[in-house]
Each structure stands twice: as C-alpha cells, then as structure tokens.
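Peer 1: Keeping the supplied structure of chain A fixed, place chain B upon it in accordance with the hints.
Protein sequences, first through last, are from chains A and B.
For the first sequence, the tail end lands on 1031 under the working numbering, and the numbers increase by one without skipping.
For the second sequence, the tail end lands on 458 under the working numbering, and the numbers increase by one without skipping.
These are computed hints drawn from the structure, not numbers from a lab.
One or more hints might be untrue.
[To be verified] Under 10 Å between C-beta atoms, here's a sample of chain A residues computed to sit facing chain B:
(1) S277
(2) P299
(3) A573
(4) Q576
(5) Q806
(6) P911
(7) L917
(8) V920
[Said to hold, decoys possible] Not everything, but these chain A residues come out facing chain B in the computed CB check (under 10 Å):
(9) K31
(10) T296
(11) K909
Built from N, CA and C at the ideal position, the CB exists for glycine as well.
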Amino acid sequence: MFHPSTGSDIEAIRSAVTSASHWLPQQGSLKSFVHHNTLHALEYLPFFDALRQAETIYGAQGLLSESSYRLELNRERITWEQVDAVLRQDLGQACDSVLVGTDTRFDVRATMLRHQIYTAEANELNWLIHESSAERRFRADVDPRHRMGLITGTRRCFLSRKHGLTLADSRTSEWLDALLSEHSLSVRHTWDDAAWERFTLRLLWLSCQAGVRRQASDRAWDDDTQSSDSQPTNTGSAPRLRDALWTLVGEDLDVGVNEVLIRFTSSFVDQGFAHWSLPNREEGFFAAFLALYASTLTPPHEQLVGLGHKLSQLQRSGQSPEQVVCEAMAWLKIPRAEWEHYFRQTLLALPGWAGMLWQLETRPDRANAGVPAGSLLEFLAVRLLLEQVAAEQLLERQGLTGSAAALHAVRCHRPIPNASSDLELAYALYQVAQLRGWRPEVLLTLSDSDWGTVCRELTGFDAFQRCRIFQLALESTYRHRLLNGLLDLQSVDRSSWVEPASSRRPSFQWIACIDDREESLRRHLEEVEPDCQTFGYAGFFAVPMYFRGIDESHFTPLCPVVLKPENHVEEVAVDQQRSKWASTRRWRRWYAVQALSVHNLSRGLLGGVGLAMMGVFSTVPMVMRVLFPRLTSRWRRHAISLWAYPAETELTLDRGPSVAEAELALGFTLDQQVAAVARLLTDIGLTRDFARLVIVCGHGSASLNNPHESAYNCGACGGGRGGPNARAFCQLANRPAVRERLAEQGLVIPADTHFLGMFHNTCDDDVQYFDLEQVPTTHLSALRGFQETMETARARNAQERCRRFQSAGVGIDPTAALKHVQERAEDLSQTRPEYNHATNAACIVGRRSRTRGLFLDRRAFLASYDPTQDSDGEILRRILAAVVPVCAGINLEYYFSRVDTQRFGCGSKLPHNVTSLLGVMDGAASDLRTGLSEQMVEIHQPLRLLLVVEATRERLQDIIRTNPQLHQICYNHWIQVAAWSPDSGEIDVLVGHEFESFLGSAGETPHVGSSWEWFRGCADHLEPVLIGSDR
Amino acid sequence: MIDVVVLTVVGAPTLWLGLLGLLLLVGCPIRESFLAHGTRLAILISLGALLTIAVPMFLLADWSGKLYRVGEIVNLPASNFHLRLEFMFDGLSVPMAILTHLLCGTIAAFATNYLHKEIGFQRFFLLFAMFWTGMTLAVLAGSIETLFLGWELVGLSSALLVAFFQDRVGPVANGLRIWSIYRCSDAALLLAAVLLHHAAGEGEFSELSGRAGWPHSSGALPADVAIGAGLLFILAAAGKSALWPFSSWLPRAMEGPTPSSAVFYGALSIHLGAFLLLRISPLLDQSQLLSMVVVGLGLVTTLYAVVVGRVQTDVKSGLAFASLTQVGLIVVEIGLGFRYLALLHILGHASLRTLQLLRAPSLLRDYVELGNALGAQVNNRLGKDGRKANGRWFVWIYRFGLERGYIDVLWATVVLRPLSSVLRCCRLLESEWLLRLNGSDDTPTKARQNSHGLDQWQ
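Isolated chain A, as found in the complex (with noise of 0.2 Å):
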C-alpha cells in the first residue's frame, strides 16, 4: 500500500505544517525568556471572538469563572453600576424589547447575572428536581414581592372552577388538566400556604418544560436564523484519530506516544545536560529516531507492539518524512484540504515541545544548539508513525483489523449531541420565572414564537456571555478609576505640593524604564525630593547591542526581541587592573572546572562514592541556606569577592580601527552615538532644562532557584539585565564629540550637566551605580543628595512591595521591608522572589507632569513623551510603534496565563523539573510548560491593558490606522485605547473603530497625604488617589 506522493503534496505538507506551527506556543529557551501573547495565532479576530476559537481549539478557557468574577464584585473591584452599564451597552437598541410581561431583555440579563443560574448534567438536575426541594421551595434569594405575587396570583387563577386562560395548544390543557384533576377544587380550597407554593413552583416547572418542548419542536427551522450569533463554526473537524478512538473504545492512545515522544524529543533537543549524546542526532529527528529504534525488540511502550518492524521496513524503503506524512494522510483518508487542521490537532497534543522544536527551528541564534530545518515536520511524520503503529495494533487487540471500513467508520464518529440541554434549559428557565416572578398563567398563554424568544434570550446568555459580561465590567469599573483619577488630577491645583518650581533648575532627573515596577520607585523619589524630574523610555535606552560583561562568556542581545542590533559592546578591565584580572579570571575558571566537575562526579559512580563520604558537609550548607538565607549569601558574597571582577570597567563604545572581524561590529560610530542620544532625549521631550544630575537607570532581577528568573528582567531588553544599556547611554552621553554635535542639531546639553547611569534590582530593590569615579568633584553634593533620595526611596519601594507579601506582615517598616525583600531573593525555597508585572493594568503615554502626584499602585506602564514638542506626531508614532507590542505582549500574557494557568499559564511552580536546559515539565515526563506560572499570577487582574495617550483623538486615530500592527490589536479590541487631549484635558475611549467621549464623574478620587498613608495595612489592588495634597 506504497502511495507515490508528489511534489505537489509535499510543498501541501511542507506549508500545512508552517501554518500549523502558529499555533504552538511561541515561548523560547527559559534563559532568555520574551514575553508575547499566548493567543497570538488569534490575534486577527477581535477579542472575544478569539477566546470562543481559543475555547475550541486548546480546551481553554479565556475568561474567568463566573463564580471568580462574583468575588471580584463582592471585593468592589467590579461594580454593579459597572455591570448594568455595560449590559446596557452591550444589548444596544434592543436593550428595552419585551420578552415576558413587562419584562425586557436588559431586565432578564440582568437578573442572570445577579443570581447566579445553576445549571448541571441531566441526571444531577433530576435529582436536583425530585430530592432536593428546588420543586418545593423557592429559591432562597427571591424577592418576598415576586414571591407573593406569583403565590397569590395561582391562588386566584385556581381557585375558581374555570381558570380563564387561553391555552397556546392541546397538549397544555392535556397536562394541565391532568394536573388540575389530580387536586380537586375542594382539596385546593383547604390549602395553606406552603401548599399553594407547592402547586405554584410545580406548575411553574411544568410550564418551563412545557414551553422548552414546543421552542424545541419549532427549532427545526428556526435554526438557521440563529445559528450565526455567538457560536463560530469549526470548518473541517475531523476528530484525530486518538480522539475518535477513545470514544470508541475508550484506550488512550496519547499515553504511550507521548511518553516515547516525550523522552526522544527531550534528547534530541538537550542543550548539553546529559552526558551522552543521541546518537545520529546530526541526521535528523526522523533519520535519528528510526536509527534508535528500527533494531528494537522491546517495544518502548506496551501500546507500541510492532514499532521496531514498521521502522526498519520505513528504513529500508527509504521514505522521507513527507512521503511518511502523506502515507499517514491517505491511510486516514484526511483530503487535503483538512491536512492543516488535522496537523493543528495532532500537534496540539504536545503543544510545549513541538512549540521549542519550532523555535529552535526557526531561532536557532537563540539557543546553545539550535535544530536543523524541518525538524518540527520530522515530529509530526514520527508522532504520525507512531499513532498508527499504536492504533492498529489496539483495533488488532479489538478484533477490528486495521480495515478500510473500521477505520472510516472511525473517522466519521461525531460525539453525540448534548441530550440534556432542554432539561438544563427548562431548569434555567424556571429560575429566571422565579426570580422574575412570572406567573404561570402567563407562560401558559405564551405563543409558540414567545417561547422561541425567551428560550433563545436564555440559551444565547451562556455562561461564556455572562462572564464577559463580567470581564467586560471588571475592566471598565477600572478603567473609570484610573480616568477619573487623571480627570480629577488636573483639576486640583498641584502647583505647591509635587512639582519642582518652574523657576528653579530641578534637583536631578532621573530617566527609568517603562517599567510598570519602577512606576512606585518613582513616585517615591517625587515624594521624598519633590524638587525632581522623572521620566519613562524603553529600558534599553535607545542603545540597542550585544553585550558581553566582564564576567561573561558570551555576547547576549540587550533590546527589544524586534530588534536585531548591530553593535558588540564588551565590557572590560581598565588599564591598570588589567593584568589583575587576568588572574582572577585564571581563579575563577579554576573554580568553575572544579564545581563542573564536582557536580558530574556526584551524578557518577566512582566520583560519586568520594563525595559522598564527605557529603554529611553539605548539611551544613543545607541547613545554612534554608534557615538564614541571607547571613549565607552575604558570607559567600564576601568569598566570592576575594575573585571578583574589577572595581574599574569600561565599554568599548567607539569603533576602533582595529576591528579584524568584520561581522563583529565593536563599538558605535559616532553617527550612531549622536543618534541614540538624541533619539532618546527628544522621545521623553527632556531637550531643555537640564538638570546638573540626570541618572539614567536600567532594571534586572535576580533571585534564586527560579527556572523562570529571565521572565522577571527587563522586557524592552529581551529578557536581559538593562544596567549596561543605562551606563552605555550615559557615557555616550557624556561625551564632548556627541554634544558638540547634538548642539549642531538644536539640542544643546549644559556644560554642567552629567549623564549617570545606575542598575536597580527589582527583586531586592539593591542599586549599583556606574563610573562613580568619573563624576566630577563639582557634582559630588548633588550625587551625595540623590543617593540619599534613592535610599530612602528604595526602602519605601521595598515596604509598598511588602504589602503583597504575607509573610512580610502587615505593618512592616521601611528598614526591615528591604531586609525582608533582600532575604527573597536569597532564599532557595521562596517561589515567589517577586511578583514580576502581576499587576500590570494600564500603559499611559504622556508627559509624568500630568501624571505625577497620582497613586497608580505599580499597575502601569509609563512611557514619557510630550505632545508639546511633537508637532507632526512622528516621535508618537515610533514610541508607539515600540511601546505597545511590548507592553500589550506582557499584559496579554498574564491575562491568559491567569484565567487558565493550566493550560495557557504553566500550572504551580512546585514540581516543575529543568530539563534539556531549555525548559521545565511537571514531574519526570510531561508535556514542556509554557507561559506563567500560579506563583507568578496568582495576584493578577486579568485586565486587557489601558492605553492612555496623550495626544488629540484625531492624531491617535490616524497613526493606529497606518500602522499595522497597531491596527489589529487596537481595532480587534485585544487593548484598550484612550486618548488624552493634551490641550483641553478630556478623554476619549476608542469603541468599536471610533472614538467616543469618556464621561466621567469628577471629585470622586480621594486625596491622601503620602503613598503610605494609603497602602499601609492593606493587601489588596488600590484605587488611584491623588497624593500630597493639603487636604
């Protein structure tokens, strides 16, 4: 059954297989590690079309469960004046259509989402129905007005010999007499009250099923008008061959694929941990997995009988993958057209290491060993060999042979259509009636087309609508806060409390990163020196490289991951202390071969007995390091220092006329040096009015025992440390040549002015300075000012970070707060060194004048930019064009890595396993996990990110429509975008495609006198508060 494949169909595989690939998680090495968004495939849809494709293609879930956002609303960060307005918003015109009586759909909806709508398989809602006193009793948080209303109401209906009504058809008045018959007039004359409440729910529950059955009967040719609402339909479905037999037969044929995928691809892959390597890897993933397995007897798992004959026969025909893929296609008779899908769905199956496979594919720069070409491919040929390896053998076992006609009869199973959703909808139904107080004598009059409303209204607000609904208040309850916060902003007179007096020169300016981290530690250095400026860029600071420090053995990217730099900056040992170094660098490489070595001996036999006689030392380490992190690390920081890099570095920044390599560009010309200077002290707006002191600070995290620990770097630097882009800017700056020739342009540095760049830790809220040593003696007292500024700061960063903590407790003072920072970060078992960008909400684009004296509480990204000094919005253009994608990238992934941790998120930290080097896994053998884990999130607002720009509506409008990428995440609504007018001050909300007014209720935003007076003692998210005021 040798199928000759041709050309044709090999490119069709070729291409299926690149655009199944989009699909896989986008994640990379964890030591470099990028943030983007996990729906990224989905990005061309709008937002909350994306999340029902995403429910159907992963099995995730892209919203919040309803019972999370119920606790949101009872913790107030959801409003119920926030959830009526957007329901309003969101139903539009036919908000005010009448479903029931007087009852509209705006009412029905709203009630849904009040109370919540239990719903469960058939067999729990019969039991619900007939044990449980839901058939009795109304439901506890009815209305005693609705309640009465429908009690009295029955009671008045039947308690006559004719009930009056006039029934929609036969079968009505069938049951209803039949009910009616079963208690006589004179039995329901003697009745109390519980008992009419008894005849009114049954009645009641009996006209819901009654009308479910006759909108039921009607469906069949009402569906085609509803079909197109909220449901999109899945083209070409057919279920993989794994899925089909497992409702079949109800074996698993993953469990022994994965598992033998899992352990080659993990060694195909492997960075250099194992001491052996595969064998014939350099041929290939197919040529090395038919190499390792052709000649086995044993089958490497009991599914998989048979594997080794196929393979050598697969050898010795010599097929290539293509023709492997194209066999496996005709043997499951998927036409072409269903190849991609069926691709998608098989791939899908190991989603984390076919992903990696396809980043190192197609990245191979990023990692120590890259893979060769069409590697992701060869997997899909072996998973495809071994799925049907594994399924014939298990229709062998069946007594079903791998036939044409079972194999078909495989193909074409559909899981049978959900038998219980009339019951689930009948249930629904009768609790809405409740909790509406409709009357059972008018359901009962109720026409057949009636029914096919409420029954439609009911079904299409699912639980999915119901929660984005909700998702949909949460974000504009917060939106509504911060607006009205920059609304209120600008209306308090600030001039005497944080801003510097125009007249006099600011104390000294200080230029972090975007950072949504750095937003506290700048608003604390406003309230400690309230004579300061600060400003937001990028933390790579305009000066994109490949960076190799003192103390490294390779260059690593330090930009945004859409950049390609084209410049090598080293780091190296002044003059004189270079013969210093050169000796400690023998030291330290010494030590290193020693630790390599010790720690492969202890996984060896006979190393392994030395070192474990003289193992009971370790216990002292051990137990050192577990119960006084941070004695420890200070002890070994001082050991460590004994071999140190030198106190004195510097950077070749200028391109020497020595450079031999060509490809090996080292150091910047002087264009590029004048360029980056400009370019970033014209995208701030600092182009005048210097101060005598401007720091420029990059930001890095470091802490222990976290695989993820390159997640918690600077974003706009790949994931790298950002401290050597802040000092590199710095002595560009510095620099006479580059004033001289930034004064040619316009821009015209002080003399006095100096540039110093400094490196903040996120995680231990430590700063290190640079080239302290050249500052000159002039600036010493107003370098000496700052630093003070900067450690009192940093002490209040670390107590409002604190607040998050619980082990930190809750009335932690500043000096014991950055103790207690700096011992998380020391701490091996501490699986949450920092909580990173969890509670990223909000990216504002704009002058800080605007937003200083604004409590933010850490949640936004703040990117400097003054529209003053912007005549034809090109600066906006690029610090958009750069901003967003890294900040919406951030955000997006949070979001998803929080409303479904286990699936787009990488489930709790606790027994992840480094393996390869590349990644982790759950345990010994699972799937590679991608995204963030609970540890990480857990804190999170799944928000979609709030653009706040500060530019005319006209402006923002026009840049996001030229700008592609701008034009789907903007217009498919995967943020939300506002635009701040820099002259009149108002706020326009981007809805749909176009701009609306945002109108706010000002004077709402509380004023207190300092950050701290308003995050002491609480844990939880804060509202935006105006700070400094004099109240």
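Peer 2: Using the frame of chain A, we list chain B on its own:
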C-alpha cells in the same frame, strides 16, 4: 529517666501526627504558621531527646545496643510468642535517627515557604508528619514488628505525597504504581517477620546478632530459616530502595513537590532498604549465598543506574539515577561486609543529594554562571561533535538507557497484563454468577459491558 527520653524521641512525632490527623479529620482550619512552627517544635523536641542518648554514646564510644520496650501488644507465654514495640539505640540506629531528624527538620522549614498558599498545604504537612514518624519508628525499631509499622507509614505517605497533585492524572497514576511496588516489598517483609516468629518466637533484631550487638553476629538462627528470611528481607529492601528490577518507580516519584522529592529518592526513603539490609546484616554474615545475592543485586543496580543516568536530560531524573548509583554501591558494600563504610556512605550521600535536589531549580542559572567562568557554554557531552559515538553498540546502550532498561514495559506486559486478565476473568465469573443467581437472562452482554468498564479503568 531513660524511658522518658525514649518516649519523647518516638512520642513527639507520633503525637504530632495524631494531633494533625485529628484536627484535619474534624475539619478544623489550621493556619500555615501553626503547622510550620508545630512541625519544627516537634522535630526539635524529638531531636533534643535523641541527642541526650547520642552524646554519651559518642563520648564513651559505646556502640552496644540498648533495647527499650514500650508496649506489649500480644503476649502468649504458652506458645512463647509476643508482639511488642521495641526500640533499639545502637551505633546503627542513632546516626540514622539523627540524620532523619536533621533532614526532616530542614525540609520542613524549606516546605513552609515553598508551599506557602498552596491548596494542599495542610495535607502536605500531615503526610510529612506521617513520613517522619514512619522513618523514626523504622530506624529505631528493635524488632521486626516495630520496623514494619514504620515501614508501612513511610510507604503510605510516600505514595500519597507522589500523588500530591491529585487533580492531575499523571501524579495519581504514578502514586498508584509506586504503591503497587511497595506492596510487593511489604508483603516480603511481612512474610519474613512471620518466618522469624516461627523460628525464634519473636522478632527482635538482637535475636539475629546475639549478645554481641550490631554488627556482629552469633548465628542464632537455623541455616534454612536464615536463608529464607534473608531472601525475603532482600526482596523487601529491593522494593523500597528501587534496586533492580524495581527501579522503575524512582523517576515517577518526581511528580510530587520538590521538597518531598528531596526526601524520597534523595535522602531517606530510598536508603531505607539499605538500612534494612544493614540491620539484618548478621544474617548475611551467616550465609555466603545471601551475601552474594546482595552484592550481585547492588552491582546490577549500579550498572543499570549508571547507564540510565547518562542519558537523562532533566535534572530531577539525572539526580534520581545518580542516587540509585550510590545506593547500589552501598548495597554492594553491605554485601561485602563493610558495614561502617556503608553507614557513612548513607549519611553522606543522603545529605549531599538533598542539598542538590533542593537546589535543582537553580540549574539554568548555575550553568550560565559556570559557563561564564569557563568562557564557554557548559556541555556535559562526551566528544565535541557527538559523531564519535554512533556505533551499533552505542545505539543499543543508549536506547537501553533512554527506555530505562525496558523495566516499565516488561513490568506492564509480563506482570500487570496477565495479572489484570486473571482479575478480569474473576470479575467476569463473579458477575455472571451473580446475574445467574438473580435469575437474569441477559448475562453475557452485561458482563461484557462490565469488563469493558474495567478496561477503561486501567
């Protein structure tokens, strides 16, 4: 006085376990800090009491065993039979008990932070208390009954800790697999206990070593009993220490949270089998055959673990098989008669491996730092290009390692499948019987459906 001390050593864990179990049973909400402090306090109390015994022993270098009887459960003087809790404090048990307390204390402190906010925090500490109690009882046991009690607690808590993340399929399935293997070893231990009782009327270990005390032997048992019991003991030890051919459970134990993994294959649980062999080592002295079996088992395990460990790509499996290599060697040492060496080896290895396992999540960072110091990326591979080793034999060995010696698949096809088909037959018969007794006539279809359900369950 000394009885009070002994009671404190074994009573502290037992009471703490009982208290926790009771509180959780009645559904009392327990604060994290209470659990953390309580566990630490209990371990400190027990350790303190232990040291009051240990320090004089070390100072006087008096390693002769002291036997303490705590409770008499069954006493039948007529047939010369009794069953009681007995604890032995000698040169073997005291160092092991100190190690147990030290590691359990450290790991409890570690887990307090590590599992903070975890939904199963209470469950973890309950199981941890059970594990610690089991280890203490087993290590200090003076008779085989006491050992069995501890042995069971360790087994139960281990299996449950592996299945800690009970909402996922993998951990639960692996926990069950471990449990099934543990049951085999438990059965062997129980049989050995019965055999000993038959032969000697009691299960005290002093019976094995006579008056001389561990590790000397006086050959108190008849030769055939000694060999029979010895083989059963070896079987029990092999199951518990994941010796070949039971090694397949070892990587599966990684499903639990890191601290519990560290306790298992890193430190305590995996050495318990070796400890048992040490404890019964007087038996080994008596019989050349038993010693040879032990040496052989150790060698095979070591070779197996070395080969398998070479190809592991994830850090926890790598460490697991590294542990197994050393345990194999320890077993060889025991078989060869180097008792004190083996004891030292156990103590050192357990400490070292625990530290390595606790640090395992730092692997990426460590490798980057080492790479920076070396001036090149760390690569453990043999040969620069990997081209050297593509020979047929290498492929064969590599596959052997990657498939973990095919133990799993053989276990599944040779042991589990026949066993489950026998069980399925029984079930089929039973349901047919029942239906026939009920007088129903649609027997065959129903029965088939049942058996189908069983298939699914497997």
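Peer 1: Now, for every hint given, state plainly whether the structure supports it.
Peer 2: Hints, verified against the model:
1. S277: Result: holds, 4 Å to nearest chain B Cβ.
2. P299: holds (6 Å)
3. A573: At 15 Å from the nearest chain B Cβ, A/A573 fails the 10 Å test, so the hint is violated.
4. Q576: Constraint on A/Q576 not satisfied, violated at 23 Å.
5. Q806: holds (7 Å)
6. P911: holds (6 Å)
7. L917: This interface hint holds because 6 Å falls under the 10 Å limit.
8. V920: The hint holds - A/V920 has a Cβ within 10 Å of chain B, the shortest such distance being about 8 Å.
9. K31: Holds, because the Cβ-Cβ distance from A/K31 to chain B comes to roughly 6 Å (cut-off 10 Å).
10. T296: holds (6 Å)
11. K909: For A/K909, the interface hint holds, since the closest Cβ of chain B sits about 8 Å away, which is under 10 Å.
This entry does not satisfy hints 3, 4, going by the numbered hints stated previously.
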